[in-house]
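Student: One letter stands for each residue in the lines below.
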Amino acid sequence: MPDTMPPADADQNGAYNYAYLDEQTKRMIRRAILKAVAVPGYQVPFGGREMPLPYGWGTGGIQVTAAIIGRDDTLKVIDQGADDTTNAVSIRRFFAKVAEVATTTHTAEATIIQTRHRVPETPLTDGQILVFQVPIPEPLRMLEPRETETRTLHALSEYGVMQVSLYESIARHGRIAKTYNYPVMVNGRYIMSPSPIPKFDNPKLDRSPALQLYGAGREKRIYAVPPHTQVKSLDFDDHPFEIETWSECCALCGSTESFLDEMIVDDAGKRLFVCSDTDYCESRR
Amino acid sequence: MYVAVKGGETAIAHSLDLVADKRRGDRDIAELSLEQIDQQLGLAVDRVMTEGSCYDRGLAALAIKQARGDLIEAIFLLRAYRTTLPRFGASEPLDTSRMVAERRISSTFKDVPGGQVLGPTYDYTHRLLDFSLAASGERPDAATAPADTASDLPRVGDILQRDGLLEPPPAQKEAEAEDLTRQPLVLPADRPLRLQNLARGDEGFLLALGYSTQRGYGNNHPFVGEIRYGHVPVSFVPEELGFAIEIGEIEVTECDMVNQFAGSHDVPPQFTRGYGLAFGHAERKAMAMALVDRALRAEELGEAATSPAQDEEFVLSHSDNVEGSGFVQHLKLPHYVDFQSELVVVRTLRAEVEKRREQSFLSQAAE
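Protein chains in written order, with our numbering: chain X, -18 to 266; chain B, 16 to 382.
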């Protein structure tokens, strides 16, 4: 795959508006985004549309991207850190087609990065926007299934239930056994789901110079972390937050600092570890 | 040596080709036309229009053809198209007493004004495979009586309501109806919004929930006050005219379910209603919807809401098959990263357990 692709030609686009969504819908989504940026970590309900991709496959992120993208943007789409996983390819093709936008695999060249389950290893910079695809925006959902309840808990900052669940994990396992979708406190006010990124990526969210937008299509919620905002992973004084570590290094680039994916390479179950972030890995080889 | 899994782009292109090829099937067999689907698989078209929230037989037939008969996929296709259409406004409420009914039955009275009309129904077919259909052959037209278009068809519920035995329908709201396809569902929802959700809801899901109320999970002692199916005119008030004009007719199935109600502190005992409406001919859907609608009114009527069908948040959040289908199937997407994180922690935890075991073994041996 070439690293930077020119915009696709817009032959069949007559039937749809630029970037698929009609302008009214984009305005509605932009309003929700502005509100989300103004109240970091707060989940703003929005009139999520039915997208031509299935719910649960990134419709929230796609709507956010469609609302903010312009012809001057350069888009990068990753899934599990990789540019070449099928769903990332599919979403990138979608925008190349409906938004006539240049796409890239280089983190540094992208103005918008839509992601599922990872934050790129290469540090983000001012002016970049990271769009997360979010399956379940409510961090308290697995503790309290009712939206009417969790809304009240957020309003009152009544987060004891989350602290208790982390404590129970320590009591049972001797450590906080939550590994991905690890809850964070944003700007000292709202507990937020960072989406199912590994907790390895949580520190990258803290005071990031990039704008973070989170879109949940099926649940119809948008939330945001503005640049340089405090994002603290929940923990206890005697059980501080810690990230995953590997005793191996990347088999391709030798990195000891990146998140590693494990592969099984033969019938005997031999394992190999490689960077999950394909762009980072390739740039180091 | 490890070879990176590349080429997603090409794989997707080939997959698209394959699915299109599969859809067409054996080229020696004549291709289905949209007219054939509309005429001969009409009930499938009805379901796709209902749950797709779009009354267009041609588009629904196209969706069914494209989806190879997978109706949930067809509903998804139709919805994804519908969402791009501009909205001109809301029609006047349908007046189903003006229906030219092809079918109309009540199970609460032996006879009702306007009569019982059996119409086309599978109810009294014996479910024997009709092998004559396996061979093609023309069928003579069925005998029909001319439709009575001269007079309105009063609803059975309205007659009961005159005696105060049945609660009146809710007063018409002044404000324009909210639209679930434009605004997020905010809970608790009012009844019109709930009905909108149920009308779009999956028939199978509503059927199971409605069935559960009959088996005692929130029973509300239902009777079919009336089911009617036929054509109703649709009126719309264009802003520039300021008065209603008829813009067409649609086929709908309406179910008015009559349910027992013991009465409360303020209300004497009377019957209450559950309501179901679907595009086309869809009695199973309309009846299930009416049962669930009534179950969801538990709180309003001062009943204890203890069963799944009475739980508004549970029902409304899980009724949509396009949402459910997408989210269940997203599990097919790669989850390498989350899984890797889980592997790391499970290994760590197991190592710790192993270490503890060894230590306790050693200390026991030392004693």
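Since the hints were made in silico from the structure, they are not lab data.
Values in this document were obtained by computation on a predicted structure and should not be read as measured data.
Beta carbons are placed, not taken as given, at the ideal position from N, Cα and C, and that holds for glycine.
Any given hint could be a false lead.
[Unchecked claim] Coverage of chain B stretches by chain X, computed from C-beta distances (three or more under 8 Å per stretch; other residues unrestricted):
#	region
1	56 to 67
2	224 to 232
3	235 to 242
[What the hints assert, rightly or not] Just some of the chain B residues that point at chain X, by a computed CB distance under 7 Å:
#	residue
4	Pro199
5	Leu202
6	Val360
7	Glu373
8	Gln374
Student: Confirm or reject each hint.
Tutor: Evaluated hints:
1. With 0 residues having a beta carbon nearer than 8 Å to a beta carbon of chain X, the region 56 to 67 of chain B misses the requirement of three or more and the stated coverage is violated.
2. Counting residues of the region 224 to 232 of chain B whose CB falls under 8 Å from any CB of chain X gives 0; the rule of at least 3 is not met.
3. Only residues whose C-beta sits within less than 8 Å of a C-beta in chain X count toward coverage, and the region 235 to 242 of chain B has 0 of them, not enough to reach three; the restraint is violated.
4. At its closest, the beta carbon of B:Pro199 sits 4 Å from a beta carbon of chain X; the interface hint therefore holds under the 7 Å criterion.
5. Interface hint at B:Leu202: satisfied, since its Cβ lies 5 Å from the closest Cβ of chain X, which is below the 7 Å cut-off.
6. Hint status for B:Val360: holds, given a least beta-carbon distance of 5 Å to chain X, under 7 Å.
7. At about 16 Å, the closest approach between the beta carbon of B:Glu373 and any beta carbon in chain X exceeds 7 Å, and the interface hint on this residue is violated.
8. Among the interface hints, the one on B:Gln374 is violated; its C-beta lies about 14 Å from the nearest C-beta in chain X, farther than the 7 Å criterion.
In terms of the numbered hints stated before, the structure departs from hints 1, 2, 3, 7 and 8, listed from lowest to highest.
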